[in-house]
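Following the working numbering, the numbering of the sequence shown begins with 14 at its first residue and continues without gaps.
None of these hints come from the bench; they were simulated from the model. Hints may contain errors.
Keeping only pairs whose Cα atoms sit at most 30 Å apart, straight-line, the calculated DSSO-like set for lysine-lysine is [as the list claims (entries may be wrong)]: (1) K108 / K73; (2) K94 / K108; (3) K103 / K73; (4) K73 / K94.
Label pairs and their in silico Cβ distance ranges [as the list claims (entries may be wrong)]: (5) A155 / K24: 45 to 53 Å; (6) E111 / A89: 23 to 31 Å; (7) T116 / S166: 28 to 36 Å; (8) T121 / A155: 14 to 22 Å; (9) Q87 / S127: 15 to 23 Å.
Ideal Cβ positions, reconstructed from N, Cα and C, are used throughout, including at glycine.
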Amino acid sequence: MSRSKWSTRRKSLAIGLAVVGVAGLSLASASQLGFNWTASTFQAGVVQTVSTDCQAAADKITAAYAAPTFTASQTAPWSVKTVTFTGIDKTCDTKNFEVAYSTTAGATTWMQLSGGTGTVAASSSTPSSNVITVNVPAVDLASITGWALTIHS
Numbered sequence: 014m015s016r017s018k019w020s021t022r023r024k025s026l027a028i029g030l031a032v033v034g035v036a037g038l039s040l041a042s043a044s045q046l047g048f049n050w051t052a053s054t055f056q057a058g059v060v061q062t063v064s065t066d067c068q069a070a071a072d073k074i075t076a077a078y079a080a081p082t083f084t085a086s087q088t089a090p091w092s093v094k095t096v097t098f099t100g101i102d103k104t105c106d107t108k109n110f111e112v113a114y115s116t117t118a119g120a121t122t123w124m125q126l127s128g129g130t131g132t133v134a135a136s137s138s139t140p141s142s143n144v145i146t147v148n149v150p151a152v153d154l155a156s157i158t159g160w161a162l163t164i165h166s
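The task is simple: from the sequences and hints, build the whole structure.
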């Protein structure tokens with residue numbers, strides 16, 4: 014192989030590696046960005062405070078926020094409209110429910126969620142299949158430290 018061909022290939026290889034390196038650094042930088050909306054993340058978890066006679070203690074009720082939406086004109090551009098409670102036993106069908114939330118550490122002070130009341134819909138499927146979806150309060154979601162759910166007759 015001639016020296017000029019070898020030199021051209023080496024230059025091409027060097028340029029290709031440089032491009033891959035820059036692209037890799039860009040991806041590494043992007044992976045360092047946190048998706049913190051007002052210092053918190055929208056996440057799911059187990060509802061720690063459940064008050065009901067129809068739910069077996071071993072059957073955990075979980076809470077999860079809906080997918081966030083983006084509004085560029087707001088100071089905190091990401092928002093979530095609903096929270097959904099899942100894993101509600103079939104024995105809770107047609108009973109009343111109420112939802113509260115806390116904004117204090119240790120969940121010591123609770124506020125009843127406006128519009129967070131209703132009746133557990135009857136389900137024809139297997140136990141632990143009922144779902145309750147309510148609108149989130151008009152507060153900074155990062156300030157919510159816990160959710161409470163009571164199901165009663």
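Hints, verified against the model:
1. K108 / K73: At roughly 18 Å apart (the allowed maximum being 30 Å), K73 and K108 satisfy the hint.
2. K94 / K108: holds (24 Å)
3. K103 / K73: With a Cα-Cα distance of about 13 Å, the restraint between K103 and K73 holds, given a limit of 30 Å.
4. K73 / K94: Distance ~23 Å between K73 and K94 Cα, so the pair holds.
5. A155 / K24: 45 to 53 Å: At roughly 52 Å between Cβ atoms, K24 and A155 fall inside 45 to 53 Å, so the hint holds.
6. E111 / A89: 23 to 31 Å: holds (28 Å)
7. T116 / S166: 28 to 36 Å: holds (29 Å)
8. T121 / A155: 14 to 22 Å: holds (18 Å)
9. Q87 / S127: 15 to 23 Å: holds (21 Å)
In terms of the numbered hints stated before, the structure departs from none.
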